[in-house]
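The two chains are supplied separately, each in an independent frame; assemble them into the complex guided by the hints.
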Amino acid sequence: MPLKILLSSTLRKYLPDYDPVKGISFSVGGEITVEELCERINIPCAKIKIVMVNGKSKSMEHVLKGNERVGLFPPIGGG
Amino acid sequence: MSAKKQINIQDLISSKSKKIVDEAGSETLVLEDAHALRIAKECGCKIYDVYVTALKNGICPYRYLRNRETISLKQQLVLAESRVAVIGAGGLGGQVILLLARIGIGHLIVVDGDVFEETNLNRQALCNKNSLGKSKAKEALASVETVNPGIKVSAYPVKLDSSNAVELLTGSDVIVDALDNVSDRFVLEDACKKLGIPLVHGALAGFEGRVMTIFPDDTGLKNLYGNKKGNENSSKSPEAVPGIPSLTPCLIAALQTMEVLKIILRRGKIFKNAMLYVDIETGQMNELVFEKQKQ
Numbered sequence: 042m043p044l045k046i047l048l049s050s051t052l053r054k055y056l057p058d059y060d061p062v063k064g065i066s067f068s069v070g071g072e073i074t075v076e077e078l079c080e081r082i083n084i085p086c087a088k089i090k091i092v093m094v095n096g097k098s099k100s101m102e103h104v105l106k107g108n109e110r111v112g113l114f115p116p117i118g119g120g
Numbered sequence: 218m219s220a221k222k223q224i225n226i227q228d229l230i231s232s233k234s235k236k237i238v239d240e241a242g243s244e245t246l247v248l249e250d251a252h253a254l255r256i257a258k259e260c261g262c263k264i265y266d267v268y269v270t271a272l273k274n275g276i277c278p279y280r281y282l283r284n285r286e287t288i289s290l291k292q293q294l295v296l297a298e299s300r301v302a303v304i305g306a307g308g309l310g311g312q313v314i315l316l317l318a319r320i321g322i323g324h325l326i327v328v329d330g331d332v333f334e335e336t337n338l339n340r341q342a343l344c345n346k347n348s349l350g351k352s353k354a355k356e357a358l359a360s361v362e363t364v365n366p367g368i369k370v371s372a373y374p375v376k377l378d379s380s381n382a383v384e385l386l387t388g389s390d391v392i393v394d395a396l397d398n399v400s401d402r403f404v405l406e407d408a409c410k411k412l413g414i415p416l417v418h419g420a421l422a423g424f425e426g427r428v429m430t431i432f433p434d435d436t437g438l439k440n441l442y443g444n445k446k447g448n449e450n451s452s453k454s455p456e457a458v459p460g461i462p463s464l465t466p467c468l469i470a471a472l473q474t475m476e477v478l479k480i481i482l483r484r485g486k487i488f489k490n491a492m493l494y495v496d497i498e499t500g501q502m503n504e505l506v507f508e509k510q511k512q
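Line by line, the protein sequences are chains C and P. If you use this note's numbering, the first sequence corresponds to residues 42 to 120, in order. If you use this note's numbering, the second sequence corresponds to residues 218 to 512, in order.
Simulated from the structure, these hints should not be mistaken for lab results. Keep in mind the model is a prediction, meaning the values are calculated, not measured. Note that CB positions come from ideal geometry on N, CA and C, so glycine has one too. Check each hint, because a few of them may be wrong.
Claimed, not checked - Chain C stretches covered by chain P per the calculated footprint, using a threshold of three residues with CB under 8 Å from any CB of chain P:
(1) 45-52
(2) 88-95
(3) 106-119
Stated by the list, open to error - Mimicking DSS-like on lysine-lysine, the simulated pairs with C-alpha atoms at most 30 Å apart in a straight line are:
(4) K99(C) <-> K410(P)
(5) K233(P) <-> K90(C)
(6) K479(P) <-> K90(C)
Same shape as in the complex, but just chain P (with noise of 0.2 Å):
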């Protein structure tokens, strides 16, 4: 953007914007979106620009009011400021990629090569009757659109692999493993490591998920699946014996969502070395912690 428009759209945001009052009788300036959408169309930016506008200038966009208290405007911009990448916009992916825009993640990159069939009706949130045969990673952006247009999407369908990896990720603040197959985990890790960026890893089978964070030092993987050797072939996906019902990927993907904001905004306490496990048939989380391995 260039400083006249940049001075333009602070002005328009400015005369745009009005003051509430909550029932605490705390004041705050917030933007409508219909303003947002008109002063992005008039200024020739992006909804983005102006939502990040705004809050540089301590206005809060109406969508995000409901996050204050829990999350300051000074995260808010911090978080609108931030690039996640999801790997994956299937089960765990499809509810990541929602839950990150409507918390406002500024750019979301989707990495999928699949297409929606019948199956994932069962599961998958931005599967639905419209999308199958179509792209996942170009549904993610449709709907990201509706969600909140605020959000930039770099949509990828196309498998990731170890001649992409690098090139798709980097310049990613987080990275969410949101894949089907052990296999293709183990390329994502190899990815992450080497660009040096943490990774949000998320599992499940059944009733039954986990969750674990994974920096660049970290053994990883390793302690979950054993060595990456033994799991080249597992393409197929070991959740098709026990199946994956529609409730699981919704807590094991806010879990993850959870794990990224608390790498964003360096807050809470971060599965590092353990893992979150979830049984929601019996009601047990429990972190189960890794000790130090040799590599």
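Just chain C, with the same shape it has in the complex (with noise of 0.2 Å):
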């Protein structure tokens, strides 16, 4: 089952073609980091912050299996 992928704020502008509401659907063919995928869609690890798989905070080298939702997150800090 594919990994759902969500960018947030600055994250998005690394894929010119990223459409916020769908986000990206990534099929993997067995097990794959966090790292791995960034790469693997050409997001700067160095600027993710945050990384929640399922809901819930991972670390970079966290590994996936398929069919989870990964939100990845830069820093903000505006107010």
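What follows is the structure in structure tokens.
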């Protein structure tokens, strides 16, 4: 089952065709870490501060197995 | 206030209060603002004192009547006797200050060393053509005075830093993080943890924003921004890239204000060790949970 990836804020600029309503659907053959996933979809890992998998915080080393919702967040500090 | 004046205020409030009956047949004693103002003048006290005395005697300042049912008279008194510090009086802070004033938080501390400039006009509630070039903190005081003269406001037109934070924030029940950059937010969090005061964090960028309440023992901002060390030179606001239209601060400020109410009134569910993430463009509002980290 594919992963559903949602990008927040400035991370969206790395994928010009990104649709915030749909997010990205990404099929994985087997297990993949969040870091590997980001490299595959061309999102610089250094720009990511928060990784959420199915609503819970995870590290970049977290292993994804498929059929998960992955939220990637840069730092935002505006007020 | 002296005991003599206290009795005098009570008598005056009782004599000027009136009973109203709502459509459901429920009776409430209310005190209109015109009377509250006159009583304060006559007794040489603040309108704040008149409101608190009225509430203690079961009389609702008329302005709070429509809070009733959602916020009881007893809770209204708790709010009136609470002190909330809002750090930053810009996009988030301006809205938070007005909301807290209308809901009836009795004492507001406002800290902001900036002045209003033209690019603030698109979103900052306290910014208008007359406030350009003026202190944000002082304008907050003036605005609250017009919205609710029963609120005591201590306005500090200074930048919060590690040398003044403890002095400015001591005695607050809750502190609201309405700052606009990451490094200052860490300075604020340090002070809150030192003082043992809960901090309601809010941040935004574009049509997205998030809220998290940080109690002194929580991991807090490290969950959102990583280690403090990596953010020391981030005085430039990260939101500078996507910008901030007027809508986002309104929503995030409302959510932050709700966190303040929940903490003070000990009700509802607080977003602790979790962030409420909102994207108003897609209509998403999700609670995202931070699992316990080692400090």
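Looking back at the numbered hints, which does the structure fail to meet, lowest number first?
5
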